[in-house]
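Novice: Here is what each chain is made of, one letter per residue.
2 protein chains.
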Amino acid sequence: MLHSEVKGKLLAIVGAENVEDNNASLLAYSYDSTARFQALPDAMVAPRNTEEVAGVVKVCNEHKIPIVPRGSGTNLCAGTTPTKGGIVLIFKHMNHILEIDQENLTMTVEPGVYTKDILNAAIDVGLFYPPDPGSMHISQIGGNISENSGGLRGLKYGVTRDYVLGLEIVLPNGEVIQTGGKLAKDVAGYDLTRLYIGAEGTLGVITKAILKLIPQPETKKTMLALYEDLEAAAETVSAIIANRIIPATLEFLDQATVQVVEDFAEIGLPVEAKAVLLIEQDGPPEVVDRDMDKIEELCKDNRAFDVQVAKTVEEAEQLTAARRSALSALSRLKPTTILEDATVPRSEIAKMVKAIGEIAEKYQLNICTFGHAGDGNLHPTCLTDARDEAEIELVEKAFEEIFQQAVALGGTITGEHGVGMMKLPYLHLKAGEHGIEAMRSIKQAIDPNGIMNPGKMIEPKGRQRMVVEHQ
Amino acid sequence: MLHSEVKGKLLAIVGAENVEDNNASLLAYSYDSTARFQALPDAMVAPRNTEEVAGVVKVCNEHKIPIVPRGSGTNLCAGTTPTKGGIVLIFKHMNHILEIDQENLTMTVEPGVYTKDILNAAIDVGLFYPPDPGSMHISQIGGNISENSGGLRGLKYGVTRDYVLGLEIVLPNGEVIQTGGKLAKDVAGYDLTRLYIGAEGTLGVITKAILKLIPQPETKKTMLALYEDLEAAAETVSAIIANRIIPATLEFLDQATVQVVEDFAEIGLPVEAKAVLLIEQDGPPEVVDRDMDKIEELCKDNRAFDVQVAKTVEEAEQLTAARRSALSALSRLKPTTILEDATVPRSEIAKMVKAIGEIAEKYQLNICTFGHAGDGNLHPTCLTDARDEAEIELVEKAFEEIFQQAVALGGTITGEHGVGMMKLPYLHLKAGEHGIEAMRSIKQAIDPNGIMNPGKMIEPKGRQRMVVEHQ
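For the protein sequence lines, the chains are Y and E, in the order given. Heads up, the first sequence is in our numbering, so the first residue is 1 and it goes up one at a time. Heads up, the second sequence is in our numbering, so the first residue is 1 and it goes up one at a time.
Since the hints were derived computationally from the structure, they do not count as laboratory data. Each hint should be verified, as a subset may be incorrect.
It does not matter which identical chain is used: a pair holds within one copy or between any two.
Below are the BS3-like pairs computed for lysine-lysine, each with C-alpha atoms no more than 27 Å apart in a straight line [claimed, not checked]:
id, residue 1, residue 2
1, 7, 220
2, 351, 92
3, 334, 274
4, 294, 212
5, 84, 58
6, 212, 351
Predicted, not measured: the structure shown is a model, and the values here were computed from it.
Kindly produce the complete structure, drawing on both the sequences and the hints.
Specialist: What follows is the structure, encoded as structure tokens:
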């Protein structure tokens, strides 16, 4: 519970209607989309503008009260669950698109804008915002930036980091800084913009962002390629790249995933295939046609037993929507869904999928795998039950082995979900102790009181997952 | 002069042939390509591998000896001139392309590889490394990364930062870390890769880099558009972008620059034009043809009095080579050439060029302007004489006003050259005192003894340019 003096100060800054500390509110902000992590904050605070954020941060810094900045809570790394009480900062008032600058191809936004609204606003003027995390319908851009969210278009277009040109940041001491600008080039000092992208809210609060837009691709085509075995699908991915084609989307789904997605979406997905590639290309029509013809040929050369090109925009949208529903579909099957994102160099996908299968077999677990084959970003997803402590112990062991395997193949413990509390105990596998030490020293330098999202990413101590029932 | 104990330790690590401290050597490493900055180091050290770099850094950290990592010294911000003696670290032995991975589209390099060799090695296998700083024929990739170098393709393809996937870094304490990898997505911890890109050697020594390659564009076309006035050229730039075309290159040259480049290159450049745009598009032939036709139309619509499309590859190469020679051509005219890179949002180019003209007029200085119009990155270049102290004082005042104007227009004090010693006194204009304070705290955290390239970018004290004759 907040000390009454602190609560009084916060009320004076944001108004009584923007501080909540009743039990229902605290419970609502006690968890995010990550299974098995939950802890109560002391209050929810909803500032209305940057000045109010700065005021709140100053009070918290003075009283050493933790701040957890939170968007829609769609993250899968327990990045927005409280760990030591404090306040959860939400951006329901700071949710405006402030400007679309068609001459400089930028959009300036507040952190609470939904990702999908950014894309739609860009499309309305013939422009495009490529990053499309799976949760983009409800995720907020502030969260996307803090997690450096990826998505289905990462191979060709990159990730959130590649579309943020500048930030307004409230530092942990309450001072406000501006980084970057409407600038394609800017090397004035350390790259604070990119340091804050993916910092998971541990270095300050992002209160504004200048996003880069690009011309909208003229057209798009979508196809499914079906395989009897996984290696053939992986070889196709390699063959496409070897032919110097970079598709907009190159998704992989294993049979188990296709089956549950079909049960959920009922659009006639090929449940008989052992592996499916969902491939999209966008761009000028001549190029899309040429690329898709070549890709179809490469799929067949690499033992696809069927290739289905979507005939209409609706059919194409149905296919990508089905892929996007994978997590929702999977999470219907068992009480607890643990979705990971071990990532490897593209060339190692077949080995990684095979290793996941063997690890699942070893621990007798139900793990489906789908993900972004084009950029090696896989989502092994375990269907389990958090109440079954014996099984959960096996799940922990299995994922640790999966992370070890990913790093051994030149990969990483997380491609797009972030570290948060979830993968804190595994960060050393990728970053090494000296790397973590460098990160800790930066954290300590910027946030000496440790108020910003404590217990995430680089805290010294290991994790003990809190066993709570899957929401 | 190095203490004999220190020198002995360094000799033991790298061998006697890789430590030089005779006067001729010290003089050779006392300056870079920046006019009017010069100071002697105590020694030049050339390590042969990462272990030797780590050993050297440990010795220097123990004895608090400054280290200035240096590529070819082509930078224009006095980023590699010594300030407090110490050693200049050069990479003549660490100059190998270690691997080209065609499946993952990466190239792994040591810091001493020439940028041009990277591009050529990529082209040899049908791939492409887009960043092309003006000095790419002789610049080294380590320097490019440390300065986050830009170039002529920034608008469409981005800058060095966008093509570095991972680094090997020797920290100031001598420990070696690996960041990133052959990975399109990686969010395991703070983005140390991007923090080190553009850090100007102030946070450690880069000893290896994994670069991202892309498929080589199938074809390229080049044209010149000639204008009676500057505004028309600037309006053309806006019109091209408004038509959702992103050219590979969109360069601006004022009449004075065209004149000196023609005097130098003698290829028949249009010296009668008040402003010239050099425009290139690359990609699939259909798209290049369509874009170039449209661009030609837009140039004419916006009052270009002539548009010249290069008829052959040789003619096109001659044009871009002429543009690349601008600095060399300009520096023949007067003893001292001071080339700056104030950068503004693309929409503000006309205002900025006009302001530069007015400031030159006010101080009665000879300032030519050319640069990357597509990304707002201009290079106002003052032809002067460092021995003329009265004029140099005016030059200082003029550039300060130019930087203020750039920032007032939403721009930055440096788009691609870096801060170094040269722009240290102006960094606050862009980053603000609180921004600089955040940067200083990071520097202090990572390099508590202040050994890495001291006196650059964010040192507390203002600069006094050292008056030395232009080399």
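Novice: Quick one: which hint numbers does this structure break? Sort them smallest to largest.
Specialist: 1 and 2
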